[in-house]
Structure formats: C-alpha cells, structure tokens
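These protein sequences, in sequence, are chains A and B.
Going by the working numbering, the first sequence opens with residue 1, and the numbers climb by one from there.
Going by the working numbering, the second sequence opens with residue 1, and the numbers climb by one from there.
Bear in mind the hints are in silico, worked out from the structure with no lab data behind them.
This one's a predicted model, so the numbers in the text were calculated from it and none came from an experiment.
In this text, a Cβ means the ideal position worked out from N, Cα and C, and glycines have one as well.
A few of these clues could be false.
Claimed, not checked - With a straight-line cut-off of 16 Å between C-alpha atoms, the simulated EDC-like cross-links for lysine to aspartate or glutamate are:
{"#": "1", "chain 1": "B", "residue 1": "Lys-101", "chain 2": "A", "residue 2": "Glu-79"}
{"#": "2", "chain 1": "A", "residue 1": "Lys-69", "chain 2": "A", "residue 2": "Asp-59"}
{"#": "3", "chain 1": "B", "residue 1": "Lys-71", "chain 2": "B", "residue 2": "Glu-15"}
{"#": "4", "chain 1": "B", "residue 1": "Lys-101", "chain 2": "A", "residue 2": "Asp-59"}
{"#": "5", "chain 1": "B", "residue 1": "Lys-113", "chain 2": "B", "residue 2": "Glu-42"}
{"#": "6", "chain 1": "B", "residue 1": "Lys-101", "chain 2": "A", "residue 2": "Glu-1"}
{"#": "7", "chain 1": "B", "residue 1": "Lys-68", "chain 2": "B", "residue 2": "Glu-15"}
{"#": "8", "chain 1": "B", "residue 1": "Lys-101", "chain 2": "B", "residue 2": "Asp-31"}
{"#": "9", "chain 1": "A", "residue 1": "Lys-71", "chain 2": "A", "residue 2": "Asp-59"}
{"#": "10", "chain 1": "B", "residue 1": "Lys-68", "chain 2": "B", "residue 2": "Asp-84"}
{"#": "11", "chain 1": "B", "residue 1": "Lys-5", "chain 2": "A", "residue 2": "Glu-53"}
{"#": "12", "chain 1": "A", "residue 1": "Lys-65", "chain 2": "A", "residue 2": "Glu-53"}
Unchecked claim - Far from chain A by the CB rule (all over 12 Å, computed), these chain B residues:
{"#": "13", "residue": "Gln-3"}
{"#": "14", "residue": "Lys-5"}
{"#": "15", "residue": "Gln-6"}
{"#": "16", "residue": "Ile-18"}
{"#": "17", "residue": "Tyr-32"}
{"#": "18", "residue": "Lys-38"}
{"#": "19", "residue": "Leu-47"}
{"#": "20", "residue": "Thr-63"}
{"#": "21", "residue": "Lys-71"}
{"#": "22", "residue": "Gly-100"}
{"#": "23", "residue": "Lys-101"}
{"#": "24", "residue": "Gly-105"}
{"#": "25", "residue": "Thr-111"}
{"#": "26", "residue": "Lys-113"}
As the list claims (entries may be wrong) - To be clear about the criterion: a stretch of chain A counts as covered by chain B if any three or more of its residues have a C-beta under 8 Å from a C-beta of chain B, and this derived list gives those stretches:
{"#": "27", "stretch": "48-58"}
{"#": "28", "stretch": "68-79"}
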Amino acid sequence: EAQVTQNPRYLITVTGKKLTVTCSQNMNHEYMSWYRQDPGLGLRQIYYSMNVEVTDKGDVPEGYKVSRKEKRNFPLILESPSPNQTSLYFCASRPILFGSPLHFGNGTRLTVT
Amino acid sequence: DQQVKQNSPSLSVQEGRISILNCDYTNSMFDYFLWYKKYPAEGPTFLISISSIKDKNEDGRFTVFLNKSAKHLSLHIVPSQPGDSAVYFCAASGESTNAGKSTFGDGTTLTVKP
Chain A
1 EAQVTQNPRY LITVTGKKLT VTCSQNMNHE YMSWYRQDPG LGLRQIYYSM NVEVTDKGDV
61 PEGYKVSRKE KRNFPLILES PSPNQTSLYF CASRPILFGS PLHFGNGTRL TVT
Chain B
1 DQQVKQNSPS LSVQEGRISI LNCDYTNSMF DYFLWYKKYP AEGPTFLISI SSIKDKNEDG
61 RFTVFLNKSA KHLSLHIVPS QPGDSAVYFC AASGESTNAG KSTFGDGTTL TVKP
C-alpha cells in the first residue's frame, strides 16, 4: 500500500530534550515536506526537500532541522524543543512534477512541557 | 501576511444540498491550486486541483472554480453527503516563484446533516 509513515503518533517531552520525528514514504517520490498545524493558522510549511541531499526552508523553519540522506526518509529534528513547538506535525511527499498532489502521513502530535 | 485565506471557519448544510467552500489568495504568482480534505486523526487527502490556465475543473460531485481576476476559488460539492463532513483546506503554489513551497489556508469545517 502506498503510504507516508510518521513515527511516533504521539510524543510528550520536556523543554530542551532533543527529539526526532521520522517520516518514510514508499512511493519513490522525489519531493518531501514537513508541516505544522495549529488552531487558526492552518498548515504551515517548515522545510521541504526536492530530492536527496537538497533541502530548503519553508515559512516557519526556526527551531527545526531536517536531513535527506535517502530518498524515502525525511526526519524532522528538534534540537532543543520549546513549548511553542507544541503542535500537530504532518509529513508529506509527492512526485517532483509541479502541481502533483501531496500524500500526507497521519500526523504526530507533539507536546513540549 | 496570510496569502491564502478561507474566511469561513465552518459551514453547515443539509444532506443533498450544495456545499460551497471559498478561498481567496493575494499572490498573483500562484498558478496551481489544490483542495484537500481532512478527517480527525488522519492526514489531509487530496480532493481536486486546478491550474491557472483553467477556470473550472470537475470530478464527480466535486467542482472547483477559479476566478483569477478576483483571486478567488471555490469548491462546490453536489449533492452533499454526511461522509463529506470534514475540514477542507485550499492550497496554492507558484511554479515561477518557488515550486517547492505550498501555502495553505486555515481550513473550513464542513458539517453535512442527515
């Protein structure tokens, strides 16, 4: 089954404790991206990657890191999480062709206390 | 500056009637628009799209209209069904500005009453 898999689904952590949210897709998509969803703010793009070893900032990249060492994986790293990073995070992928629709994972709900 | 806006946070319609969800944008360089549907505890799923060279795209019960001069698009669902109850997001991209970026609206929660 074609899918984008995020782990974990739920995560509670404390301020400053480094964490990684994993994202993997099995559709051989070149493009991958991370979003956060907050009430009243919709989906905001954090980082995206057009292909292996190519990453770029979205609209809200502060406090986040990503890497794209393999085509299928695009982990999101929070080196020093803060409470304002409490949010619902979605990973997505699509073919490189502009206008192709995104395929989303089921989300990771992160709480930073 | 919010470049994509969905001004109605919620919409309630009766089963069988038409649902119209609206989306406005400010960036004239956007040239591709997509609608996604999201159920609770799931990721968004793609519904329908339209490029700026068209003014209408239809897929079954779903039709998207684009008015470039007004920078406005709308999603029509006819007839509406209870299973359509979800949050709907519109998204916009501009190939000439930054093909990797997608800008989403805040979403509209649609409730279809049986």
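How the hints compare with the structure:
Proximity of Lys-101/B to Glu-79/A is assessed by CA-CA distance (about 24 Å); at most 16 Å being required, the pair is judged violated. For the hint pairing Lys-69/A with Asp-59/A, the CA-to-CA distance comes to about 22 Å; that exceeds 16 Å, so the pair is violated. Distance check on the hinted pair: Lys-71/B and Glu-15/B sit about 29 Å apart at the alpha-carbon level, beyond 16 Å; violated. For a cut-off of 16 Å, the pair hint linking Lys-101/B to Asp-59/A stands: about 8 Å separates their Cα positions.
At most 16 Å may separate the alpha-carbon atoms for a hinted pair to count; Lys-113/B and Glu-42/B exceed this at roughly 21 Å. A C-alpha spacing of about 27 Å is found between Lys-101/B and Glu-1/A, which places the hinted pair above 16 Å, so the restraint is violated. Proximity of Lys-68/B to Glu-15/B is assessed by CA-CA distance (about 31 Å); at most 16 Å being required, the pair is judged violated. Under the criterion of a C-alpha separation no larger than 16 Å, the hint pairing Lys-101/B with Asp-31/B is consistent with the structure, at around 12 Å.
Between Lys-71/A and Asp-59/A, the direct Cα distance comes to roughly 23 Å. Violation of the 16 Å bound is thereby established for this hinted pair. Between Lys-68/B and Asp-84/B, the direct Cα distance comes to roughly 27 Å. Violation of the 16 Å bound is thereby established for this hinted pair. The straight-line distance between the Cα atoms of Lys-5/B and Glu-53/A is roughly 33 Å, outside the 16 Å bound, and the hint therefore fails. Between Lys-65/A and Glu-53/A the CA atoms are separated by roughly 13 Å; this keeps the pair inside 16 Å, and the hint holds.
Not every CB of chain A lies more than 12 Å from the CB of Gln-3/B, the least distance being 10 Å, so the non-interface label is violated. With a least CB separation of 9 Å from chain A, Lys-5/B falls inside the 12 Å interface cut-off, contrary to its annotation. Against the 12 Å criterion, Gln-6/B falls within the reach of chain A, whose nearest CB is about 8 Å from its own CB. The claim that Ile-18/B lies off the interface holds: its Cβ sits roughly 24 Å from the closest Cβ of chain A, which is beyond the 12 Å cut-off.
Listed as outside the interface, Tyr-32/B is inconsistent with that label: its C-beta sits roughly 4 Å from the nearest C-beta of chain A, within the 12 Å cut-off. The claim that Lys-38/B lies off the interface is violated: its Cβ sits roughly 8 Å from the closest Cβ of chain A, which falls inside the 12 Å cut-off. Residue placement check: Leu-47/B does not keep its beta carbon more than 12 Å from all beta carbons of chain A (closest about 9 Å). A cut-off of 12 Å between C-beta atoms confirms that Thr-63/B is not in contact with chain A; the least separation is 17 Å.
No Cβ of chain A comes within 12 Å of the Cβ of Lys-71/B; the nearest lies about 17 Å off, and the non-interface call holds. Its closest Cβ contact with chain A, about 5 Å, brings Gly-100/B to no more than 12 Å, contrary to its assignment away from the interface. A Cβ of chain A approaches the Cβ of Lys-101/B within 12 Å, the least distance being about 6 Å, so the stated non-interface status is violated. Here Gly-105/B does not stay apart from chain A, with its beta-carbon only about 5 Å from theirs, under the 12 Å limit.
Every CB of chain A is more than 12 Å from the CB of Thr-111/B (nearest about 18 Å), matching its label as outside the interface. Every beta carbon of chain A lies more than 12 Å from that of Lys-113/B, the smallest distance being close to 24 Å; the non-interface claim holds. Restraint check on the stretch 48-58 of chain A versus chain B: 4 residues with Cβ-Cβ distances below 8 Å, three needed, restraint holds. For the stretch 68-79 of chain A, the assignment as covered by chain B is violated, since 0 residues bring a beta-carbon within under 8 Å of that chain's beta-carbons and 3 are needed.
Checked against the numbered hints above, the structure breaks hints 1, 2, 3, 5, 6, 7, 9, 10, 11, 13, 14, 15, 17, 18, 19, 22, 23, 24, 28 and satisfies the rest.
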